[in-house]
Structure formats: C-alpha cells, structure tokens
Amino acid sequence: GQSLEQPSEVTAVEGAIVQINCTYQTSGFYGLSWYQQHDGGAPTFLSYNALDGLEETGRFSSFLSRSDSYGYLLLQELQMKDSASYFCAVSNQAGTALIFGKGTTLSVSS
Amino acid sequence: DTEVTQTPKHLVMGMTNKKSLKCEQHMGHRAMYWYKQKAKKPPELMFVYSYEKLSINESVPSRFSPECPNSSLLNLHLHALQPEDSALYLCASSQGQLNTEAFFGQGTRLTVV
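Heads up: the sequence lines are chains A and B, in that order. So the mapping is simple: the working numbering equals the position in the first sequence, first residue as 1, plus 50. So the mapping is simple: the working numbering equals the position in the second sequence, first residue as 1, plus 28.
Chain A with its partners taken away, still in its complex shape:
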C-alpha cells in the first residue's frame, strides 16, 4: 500500500522560509503532489513532481528525490494567508487516484 509521512505542525513568522518534508512508501510511483487546504475550504493543487529536482512556482517550490523516496515543499516570504494545512500526495497503486499524507498544519504569525 501507499504511506506518506510528514510533520504534523510547523510554525513560522511572516517573511520567513519554511520547508515541509514528505517521505513516502509506495507500490508503484508516478509522482508527488502537494495540496493546500485552508480551514473550511477545498484542497487546492500547488505542485507536482514526477522527476527528481526542484520545481518553482512563485513563492512556492517543490523538490523530489525518487531514490530517497523523499520530497519537500518550500514556502518563501511567508504571509499570514499561507496559514493552512499542506498535504503531500501520491497516486494509488493503480495510478487512478490520490492518496494523501496526514497533513502539516502551518501557522504563520506576525
């Protein structure tokens, strides 16, 4: 089966940089995705890495190392609105749906 590990909570101040790590064990691997979810809101897609390396999208970057079964989400120039839950996710064994990690709650203070 698929399993993912990520820290349960991270705290930071505005303007700081935060890295949320994710390690995974999968039967079949297609790529690692990251989703953001604000309280009461829907999960929204942030990034996807299928190959090793860093993907940058504005203030957010995501990294993948397939050999280490490891990835991270890097959030720069943190803002209060970045306070949310962040989930890493992989496809299920059949590659037909997302399986989510337990999520990391990020709290950004001023």
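Hints are computed from structural coordinates only; laboratory data are not their basis. Beta carbons are placed, not taken as given, at the ideal position from N, Cα and C, and that holds for glycine. Mixed in with the good hints there might be a few duds.
Here are the simulated distance ranges between beta carbons [to be verified]: (1) A:Gly51 <-> B:Arg137: 25 to 31 Å; (2) A:Asp89 <-> B:Lys46: 28 to 34 Å; (3) A:Ser133 <-> B:Lys66: 16 to 22 Å; (4) A:Arg109 <-> B:Glu31: 33 to 39 Å; (5) A:Gly51 <-> B:Leu82: 42 to 48 Å; (6) B:Glu31 <-> A:Lys131: 31 to 37 Å; (7) A:Tyr80 <-> B:Arg137: 27 to 33 Å; (8) B:Pro111 <-> A:Gly78: 35 to 41 Å; (9) A:Gln69 <-> B:Lys68: 18 to 24 Å.
Straight-line C-alpha distance at most 27 Å; calculated BS3-like pairs for lysine-lysine [to be verified]: (10) B:Lys68 <-> A:Lys152; (11) A:Lys131 <-> B:Lys47; (12) A:Lys152 <-> B:Lys46; (13) B:Lys69 <-> A:Lys152; (14) A:Lys131 <-> B:Lys68; (15) B:Lys68 <-> B:Lys50; (16) B:Lys66 <-> A:Lys131.
So the derived list for chain A, only partly shown, Cβ under 8 Å to chain B, looks like this [unchecked claim]: (17) Ser77; (18) Gly78; (19) Phe95; (20) Ile149.
Following the hints, complete the assembly by docking chain B onto the known chain A.
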C-alpha cells in the same frame, strides 16, 4: 471554467433519512472522485469513476451509493447513515486516470443526527 460545484454546502440528516449529494464539473474531465474528510484529517478516498464507470470502491459501506449519470455529474446517495459518518464530503475531478492535478469542490458538510 475550472470549478467543481457541490450541492448542498451543508446537510443535516437523520439516521433514517435518504439524501443525495451532487457534484458537477464542466472541464471535460473523465475521472471523478468522492473523498471523505474528518476534522484535522486528510481526505480519504471513497470512490473513483473513470469514463463514467466505477473503477474503485475503497471498501465503503453500502449505505453510501455513488452514481455517475454522465461525464459531468457525480452523485452520492446516502441512506441509513450513522453519526460517525458526519464529515466533509469532497468531490474532485481530473483530466484522466493518472492523477497529477485534481480539482476539488468546496465540499458538503454532512451532519448525521
């Protein structure tokens, strides 16, 4: 239009009631999903529809019955639910089976009394 629309937003139902949750997308996506999310937990996969056919049922109790009338619509029929079924029910869609980016609806907050 990159929206997945779910109705109703909130639903309170008794354990003997029958109700349905609805989900609609007009992005031409051929895969649609139901997830269940409890507070402070990740979304848990319930069902996957691919090209309007049920492809995955993650051992969900029969009191939950999915239906995909066409490629844009997904329903979840509820009957004889238990209080522990109270949760946020999320619908999602994606381009195809290999799921890179999924679009989620805002969810239906279900309370079973």
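Practice task
Could you check the structure against the hints above and give me the numbers of any it violates, in ascending order?
Solution key: Hints 4, 5, 6, 11, 12, 17, 18 contradicted; others consistent.
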